[in-house]
Amino acid sequence: YPPLTTIPPPAKYGGRHTVTLIPGDGIGPELLTHVRELFRFCCVPVDFEIVSIDSKSTSDDDMNNAITAIRRNGVALKGNIETNHNLPPSHISRNNILRTSLDLYANVIHCQTLPGVRTRHRDVDIIIIRENTEGEYSSLEHENVPGVVECLKIITRKKSLRIAEYAFNAARQNGRRRVTAVHKANIMKLGDGLFLQCCKEVAAGYPEITFDSMIVDNTTMQLVSKPQQFDVMVMPNLYGSVISNVCAGLVGGPGLVPGANYGKDYAVFETATRNTGKSIANKNIANPTATLLASCLMLDHLRLHGYASMIRKAILATVSETRLHTADLGGQGTTSEVVQSVMREIESKGPRTSEQI
Amino acid sequence: SSGDGIGPEISTAVMKIFEAAKAPIQWEERNVTAIKGPGGKWMIPTEAKDSMDKSKIGLKGPLKTPIAAGHPSMNLLLRKTFDLYANVRPCVSIEGYKTPYTDVDLVTIRENTEGEYSGIEHVIVDGVVQSIKLITEEASQRIAEYAFEYARNNQRASVTAVHKANIMRMSDGLFLRKCREVAENFKDIKFTEMYLDTVCLNMVQDPTQFDVLVMPNLYGDILSDLCAGLIGGLGVTPSGNIGANGVAIFESVHGTAPDIAGKDLANPTALLLSAVMMLRHMGLHGQAKKIETACFDTIRDKKVLTKDLGGNSKCSEFTGEICRRVQDME
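Read top to bottom, the protein sequences are chains A and B.
When we follow UniProt numbering, the leftmost residue of the first sequence carries the number 1, and every step to the right adds one.
When we follow UniProt numbering, the leftmost residue of the second sequence carries the number 1, and every step to the right adds one.
Fair warning: there could be bad hints in the mix.
Stated by the list, open to error - Dumping the calculated DSS-like pairs for lysine-lysine here, alpha-carbon to alpha-carbon at most 25 Å:
| no. | chain 1 | residue 1 | chain 2 | residue 2 |
| --- | --- | --- | --- | --- |
| 1 | B | 64 | A | 189 |
| 2 | B | 54 | B | 16 |
| 3 | B | 54 | A | 278 |
| 4 | B | 16 | B | 289 |
| 5 | A | 56 | A | 283 |
| 6 | B | 80 | B | 16 |
| 7 | A | 226 | B | 302 |
| 8 | B | 289 | B | 56 |
| 9 | B | 289 | B | 303 |
| 10 | A | 226 | B | 307 |
| 11 | B | 22 | B | 314 |
| 12 | A | 226 | B | 190 |
| 13 | A | 189 | B | 80 |
Quick caveat, the hints were computed from the structure, so don't treat them as lab data.
The following block holds chain A by itself, in its conformation from the complex:
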């Protein structure tokens, strides 16, 4: 998805890549351990530099270390970091800080109906491109007088043009025919109005792609009745959160969909819906599919396409095996059973030659 010209080639030393790994909280650590296990098994030439972020700490040291590490390596794989509600409002979400510090301006999520997964809707194939650094997530709030709080939503021409450009470019590169901008410009006339205007301007440069727009509440109604009508969708930050969660739910839930965050210089991969999954942590019941697929997106980004497709094929074959489905898909399979199955699937394809990789 990222325009190949703007991201520099990934750093490599001795033929091996170093990737920052942030375990996060909840199910993050165990699932990322499985990724490392799988990579070792497949002899993927990636070394992980593990950087922990303690969600209970108020110190900025962990965050600064993580950001430095990602700047150094250029690529990261992460679990979600919990935001502690008991800390004062000045304590900003760590996940948000990562995104804004590294200017990971595009959150890209591809929701597709997978074979073997029972859902209410068939043939869903939507790419969601969400502005990831401004909008409602600007973290600019103040209490004017006690009991009256203002929260500022910032929309800029620069970032709106940037994300629109990203969306249309991605649509063109992937042979997609239609881009829909999601907004609420009838109410937020200036803010969302500006966003919409920027999308229209960029659309003019892509005459082969159909551009239309839809109000966010109508969009959600359309998604639950006829999701097949959507192709590529582009939107500001908050609506992106709503739409990507709706779409992920439509194709089978948080355990299946991977997500990518791209900036000009860095890329960070995680699950699409960014859940910590605290209640199912360390019970060997979490669905590793989304995290494993996110690691494949990362491998593609590192131009290790051979490894990426090998692992992805094995994951998709495993997902279509109903008897291995984890609880979120209505089954009783365990996390490790799924990972074992992926490894067996890879093994059954025989030893890899250097041509294949």
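Once you've looked at the hints, dock chain B against the given chain A.
Showing chain B alone in chain A's frame:
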């Protein structure tokens, strides 16, 4: 107020059904189309306002907002005039009108006066726009109290506050805090909190896990439409707006459908179910149940349905069928 487009015909349908049910309602029709009052300020016509102040309860059909510059949104004007602070939408799956989702039975309660719809926006410098989301202690407390009282009065088991306090620490944090405080006074109702994105994720996978949802303006706007989509859309979803001083206006939230206006093709279900909500609000539960059952039975039977419900009957035929069933229940 009948409203525009298909408004008049569906209002007539509702009044006919109420007559057949012998509901003790006396209708006072008033036009609420905005007029320019003294001083040039847009307002609701005085006769309409006086009527509402007296009776406190209103039923409204769809209104079209003229595109003319300077003309305010009609809904916004009504909201401000009567301080309609709570928008309530019960979403119940309709047997006979199939959607991919069954057994939906939830209520969205949306704070309707502030939040992201404060209308306060400005261009800071060229190319940088700031939209202000306003959350106050007062409005948050008021909507939380309404939600818990609604739950109690309608025998609902739980209230879930929907928020994004992990990102909007101060604003949604305040909203959440007030919900938690109010929950303390309603120990008989279960209180939970859930992130907006998690609600969206779970809602499309299993809507049966939700009961009463309370939230600030924007999330409420999105979620109430999402839930309406689950049960079949705005043509079958009722809605009520609760105001200060006991005022309540019930309305259908679909559009004016100018393309079918006056052709006896409209579906009055949304307005009818809103009128049923109105009866319940007034304590007339028996009448409400009777009319609601007649409506659902007609839809379930599938013999007389308007086009949008999958049939090819006229609005008057659909209405007549419901009237017949209501009378048979006497």
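For each hint, the structure was consulted:
1. With a CA separation close to 19 Å, the supplied pair residue 64(B) and residue 189(A) stays within the 25 Å bound.
2. The suggested pairing of residue 54(B) with residue 16(B) holds, with an alpha-carbon distance near 24 Å, which does not exceed 25 Å.
3. Proximity of residue 54(B) to residue 278(A) is assessed by CA-CA distance (about 53 Å); at most 25 Å being required, the pair is judged violated.
4. For the given pair, residue 16(B) sits about 17 Å from residue 289(B) by alpha-carbon distance, which is consistent with the 25 Å threshold.
5. A threshold of 25 Å between alpha carbons decides the hint, and for residue 56(A) with residue 283(A) the separation of about 22 Å falls inside it, so the pair holds.
6. The straight-line distance between the Cα atoms of residue 80(B) and residue 16(B) is roughly 31 Å, outside the 25 Å bound, and the hint therefore fails.
7. For the given pair, residue 226(A) sits about 23 Å from residue 302(B) by alpha-carbon distance, which is consistent with the 25 Å threshold.
8. About 22 Å separates the Cα atoms of residue 289(B) and residue 56(B), which keeps this hinted pair within 25 Å; it holds.
9. Between residue 289(B) and residue 303(B) the alpha-carbon distance is near 21 Å, which keeps this suggested pair within the 25 Å criterion.
10. The suggested pairing of residue 226(A) with residue 307(B) holds, with an alpha-carbon distance near 19 Å, which does not exceed 25 Å.
11. Restraint check for residue 22(B) and residue 314(B): the C-alpha separation of about 23 Å stays at or below 25 Å, so the hint holds.
12. Under the criterion of a C-alpha separation no larger than 25 Å, the hint pairing residue 226(A) with residue 190(B) is inconsistent with the structure, at around 34 Å.
13. Proximity of residue 189(A) to residue 80(B) is assessed by CA-CA distance (about 19 Å); at most 25 Å being required, the pair is judged to hold.
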